[in-house]
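Protein chains: 2
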Amino acid sequence: MRLLHEAPLDPRSRFIRLVLSEKNLSFELREERSWERAPEFLTLNPAGETPVLREAGGLNVPGATVIAEYLEELYPEHSLMGGDAVSRVETRRLLGWFLDKLSREVTEALREEKFLKRVVYNAPPDVSVLRAASANLSHHLDYIAWLAEHRRWLGGERMTLVDLAAAAQLSVLDYLGSIEWPSSESEARGWYARMKSRPSMREILSERMSGVMPPRHYSDPDF
Amino acid sequence: MRLLHEAPLDPRSRFIRLVLSEKNLSFELREERSWERAPEFLTLNPAGETPVLREAGGLNVPGATVIAEYLEELYPEHSLMGGDAVSRVETRRLLGWFLDKLSREVTEALREEKFLKRVVYNAPPDVSVLRAASANLSHHLDYIAWLAEHRRWLGGERMTLVDLAAAAQLSVLDYLGSIEWPSSESEARGWYARMKSRPSMREILSERMSGVMPPRHYSDPDF
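Line order of the protein sequences matches chains A and B. The numbering of the first sequence is my numbering, which starts it at 1 and goes up by one. The numbering of the second sequence is my numbering, which starts it at 1 and goes up by one.
The reader is advised that the hints may include incorrect statements.
Copies of the same chain are indistinguishable here, so a pair counts whether it falls within one copy or spans any two.
[Claimed, not checked] Heads up, simulated DSS-like pairs for lysine-lysine below, C-alpha to C-alpha not over 27 Å straight-line:
#, residue 1, residue 2
1, Lys23, Lys101
2, Lys117, Lys101
3, Lys23, Lys117
These aren't lab readings, by the way, just hints derived from the structure by calculation.
All chains, please: the whole structure from these sequences, using the hints.
So, in structure tokens, the structure goes:
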């Protein structure tokens, strides 16, 4: 059986769970406390980052982007990338945007301040970091709204890795109570409601972390 | 003709120049002062980052990883990735390592402090930033040495995108005088000497930036 090493409220781990589910691939989960940098985990991924996919045959696939490309090549029949060069370029551009840029500018900081500091480090959040990350988040939400207004899905006419990466990020940020949702007519909200209804998202949205509870609307598709 | 929008001493731009040259693809260069965030450049890449490849037919390919994947798919006959799943996973893992992790932990900071601050911002370097980046660099050089001792090329038995990404980074760091090379018998030094001898690297190593000169050994393959 495939084993996915993941970390709690890690958007990249959630993204790969969504990819595996959308491709109808079964897997087991193993929680890694990646912030402890355990030597056994560093042998799986010297970068020390989740997720890492361990194949039944022993192949070790470390890192969200590497796993996504690997699964696309192994299961092209359920493509989440698009077939022609133009859509593959756009999928990969926005995958980098939502997986790396949004993580770096927003999610890593808010996860550290609102979750890890409370549950792991027992330290108060740094208000100036919260403020900077929230300001960055509002630009990212504007961009998601712009994409949702101009396209059926965020990457184009079909659902792709882009939607899964963006939904994984928003699910973490929403869990942490960091998103002020615009009115119910907004296209961004409509897109995220569609994502929340997918079976691949339902399981993720049903999980609760001990020590931090999400807002009431968190797992409700009609929020 | 292909047009590559690049920035001076940008390791990701240098990486794509190496990829294009190794695949025997001709291209023209256009210098972008990406730190100015000009609106025309932001329409090419909303992330505001170099490089961006502009195809003769009008297709716009933004970002080093996206360009590398695009060129691999378009010209599989000169593959720089490897053919089987195991080597493709390893190539992509180390590509992320040398393109993103090394940039984030070392090169972006040293380029800012030693080049942009001198040439663009007219400000003194921050010594504590220099010190932290140099400490990170020594770990990365150790890792390159370890890879060079255990494999013919950094990614495995064949030269791949990994070697081009690592060489692009080292060329920038060496230009800035940031690398203390170990003795001439070291495997890391031997690997970089081999890279410096390649025609794809010769042109890059012959360039000089006004305002900042490299150390004398910089472009010498027998350094």
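Each hint, compared with the structure:
1. Taking CA atoms no more than 27 Å apart as the test, lysine 23 paired with lysine 101 passes inside one copy only; the shortest distance there is 25 Å, against 29 Å between copies.
2. In the homo-oligomer, the alpha carbons of lysine 117 and lysine 101 lie at most 27 Å apart both inside one protomer (22 Å) and across protomers (24 Å), since each shortest distance falls under that limit.
3. Taking the shortest alpha-carbon separations for lysine 23 and lysine 117, neither the intra-copy value of 35 Å nor the inter-copy value of 48 Å comes in at or below 27 Å.
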